[in-house]
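Chemist: Given next are the chains, with one letter for each unit.
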Amino acid sequence: MQLSSETKIKSVAQPAQRRRKYAKLLTILLFLAPAAVIYIYFVIFPVVQSIYYSLYKWNGLGPITNFIGLDNYTKALGDKTFTTALSHNLLIAVLSIFIQLPLSLMLALLVARHMPGRSIFRMIFFLPYVLSDVTTGVIWSFVYKPEGGLINSAISSLNLGEPQAWLGNTDLALFAVFVVMCWKYFGFHLILYVAGLQQIPADLEEAAKIDGASTLQVLRHITIPLLGSTIRISIFLSILGSLQYFDLIWVMTNGGPVGASETMATYMIKNGFQRFQLGYGSAVGVILFSLCFIFSIAYQRVVLRRDLAGSGALT
Amino acid sequence: MKRRSCLLLLMLVFGLILSACGDPTATAPAAATTAAPATTTAATTAAPAATTTAVATTAAPAATTTVAATPLPTAPVAKASGLSGTVNWWHITTGDPGKAVWQSMADAYMKANPGVKINITILENDAFKTKLTTVMQSGSPPDLFQSWGGGVMAEYARAGLLKDISGDLKGSWGDSFNKAPLEVYAADGKYYGAPWDMGAVGFWYNKALFAKAGITTPPATWTEFLTDVKKLQAAGITPISLGEKDKWPGHFYWVYLATRIGGKAAFDKAYAQTGTFADPSYVQAGQKLKELVDLKPFQSGFLGLTYNDQAAAMGEGKAAMELMGQWAPSVEKDQSSNKQGQGENLGFFPFPMVEGGAGDKDDIMGGGNGIAVGKNASPAAVDFLKYLTSLESQKLFGQLSLALPVVKGSESAVANPQQLQIQTSVNKAKYYQLYYDQYLPPAIASVIVDQVQGLIAGSASPEAVAKAVQESAASELKK
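Line by line, the protein sequences give chains A and B.
Heads up, the first sequence is in this note's numbering, so the first residue is 22 and it goes up one at a time.
Heads up, the second sequence is in this note's numbering, so the first residue is 6 and it goes up one at a time.
Relax, there's no trap hidden among the hints.
The calculated SDA-like cross-link candidates involving lysine to any residue, where the alpha carbons are at most 25 Å apart (straight line), are: (1) A/Lys-101 x B/Pro-467; (2) B/Lys-344 x B/Thr-243; (3) B/Lys-380 x A/Pro-84.
Chain A regions said to be covered by chain B (calculated; three or more residues, Cβ under 8 Å): (4) 71–82; (5) 189–196; (6) 272–282; (7) 289–297.
What follows is a set of in silico ranges between Cβ atoms, one per label pair, in the way DEER data are often shown: (8) A/Ser-317 x B/Asp-169: 49 to 55 Å; (9) A/Tyr-94 x B/Asp-367: 47 to 53 Å; (10) B/Glu-229 x A/Leu-312: 50 to 56 Å; (11) B/Ile-125 x A/Trp-204: 39 to 45 Å; (12) B/Ala-225 x A/Phe-119: 53 to 59 Å; (13) B/Gln-345 x A/Thr-102: 41 to 47 Å; (14) A/Leu-312 x B/Thr-126: 39 to 45 Å; (15) A/Asp-192 x B/Asp-169: 48 to 54 Å; (16) B/Thr-222 x A/Leu-124: 56 to 62 Å; (17) B/Met-16 x A/Arg-139: 15 to 21 Å.
Think of the hints as simulated: they come from the structure by calculation, not from any bench.
C-beta atoms are modelled at their ideal positions from N, C-alpha and C, and glycine is treated no differently.
Between the sequences and the hints, there should be enough to build the whole structure, so can you do that?
Modeler: Next comes the structure, spelled out in structure tokens:
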């Protein structure tokens, strides 16, 4: 008798529960739909389209008819200019991690403290990031001008050495552009670190100081380890940015002179769009995308594992 | 206290941001050639970019001397044709008086033909190239639009995006043009546009600096040219101004040397691929160029300088000569810091002959401007184009120094002595070679300018340059 009434209650409860579940799912889908549609149309679809174009030889006009399979990919990977561009990207990434990030960290440590005028300094350090890349490129092109530019004028009037053709020298061009990249983006990383530093409870450092730790020891054993997740994110963004970098290089050197500051993105625009070879350009784009994608996934799974654990991002 | 300091800080920040905008005239020319995130085809076709920015922004300074003295001449009266329809016309003459002249011509035509409506869209050079590429890819080109002819126009023609006007050109309209400029707007034997300007590339030189170095007459042969370069260096003068970051200024040297050494025959063979771009004449062209480069005749840091910097150096009298097209005097004037340029002190001499070369000493390399016809253009559009390229319209352009007119009989309207010198050279030439970076398909053009930049920078040998160009030609020209 009891059993049947229980089953009766259960059988009445189930459909209602399922309906609520479906209603919940429907609501979620309804709210997700607009964002999903935009994302698919503007992000997923063009990627798929690029992969499609990359299998053809196409000049961008007229119908797409010339199927050549993976020829574009073999051509790209075999092209010395492309592999040099890739090496430049990696060089920028390495330089960023070992020069730009420590610089941002040091300044962040200074600015996070209670020092007079610290908000003014934070604003000044963040200011270059606010400028557009094109404006920055044009301004710094004037600074680097071989005759009459700020740097060469300073060098000759203060007798600091030989004035150089900074952007015209094949050996110096990439490093000259890197200096500008540092100048522009260190503010962004600085703000990240300042935010991270503010999350470290002051009592820990005070306690360590009371126990007799020197500033350097506090830094090494408390501050930096606790800043760990911020540093890892900073490195992640830095490497991704370096792999895709385009703007400043295009404006300041156009990948030159003679490909000395070429990156994968400038190579893609020149060889794809400007040479009316959209199939080839798409192939280069897909290679760039794959590199970034693989790096992203690998980095998140390996390095950011602990940081993202519990957030559901790694499931 | 804190609020006030915050306010002060905010004002300081705004001040800094505004100062970053800078002097528009200083950054605009730089931006025109280097603000390329929006640019698609600018790198190889920047020669026309210079042409058109010159016509567009600097035709104003060139013509202000005549315009200030006399009011703008009225556009010639148009013939009533009884046609009707809408004509969408895109041009890139953003400066006056060119812009006003085009508009007045459209107005005159509409007055005589009330059934026709002409919509003019004016775009800046690089914006035009980007917008045109997009519109071409969507398959609906404008009815009339700016074109430099050659390989790029041919790409559009082969994709079926242009209207074949060969039929309209048969007869008096086609005959009115000088032959060489009209041929630039032909592809595969059919015509798709009409020229309104054709010039030439040659050496513009500073007469005073030449005199200072003890050079009495401009060089006529390559050996004399190299000797003159050394004389200028001995006198402490920078012999040649070159902005090789843009790549196309340097390729002029290679193309001219190839034209002098191999002549029309060598180019025709290479283009038809019955010969190759790695043939001896092309390798020799590279070797001759290397001879010049080894003398280190360019200004310091030239690999990082743009064409505008090159023009500025000439305009300010810092270098003795540059190899550039008919727009050079106005761009030099516009780019110089005092906006005066060299004026009467600027002379022109044609590219020297290379001893033993198969080419003719009068052969010309250069380019100009024209209007192409889109596939959806109505008969009214073609008739309007006839009006724009009529003798009176062309004379008006020549008078205002807005163009070197291409219609027979319009030469008399050109008053400027330097432009007249170029016009005479163009008319004298038996062979007219459109600059390679416009004539050849964009892919080859791009390889050429890149390779020649490498040669000038010392990282590519003449043989390697010729070989690379041939490889690209082989894959692009075997249609």
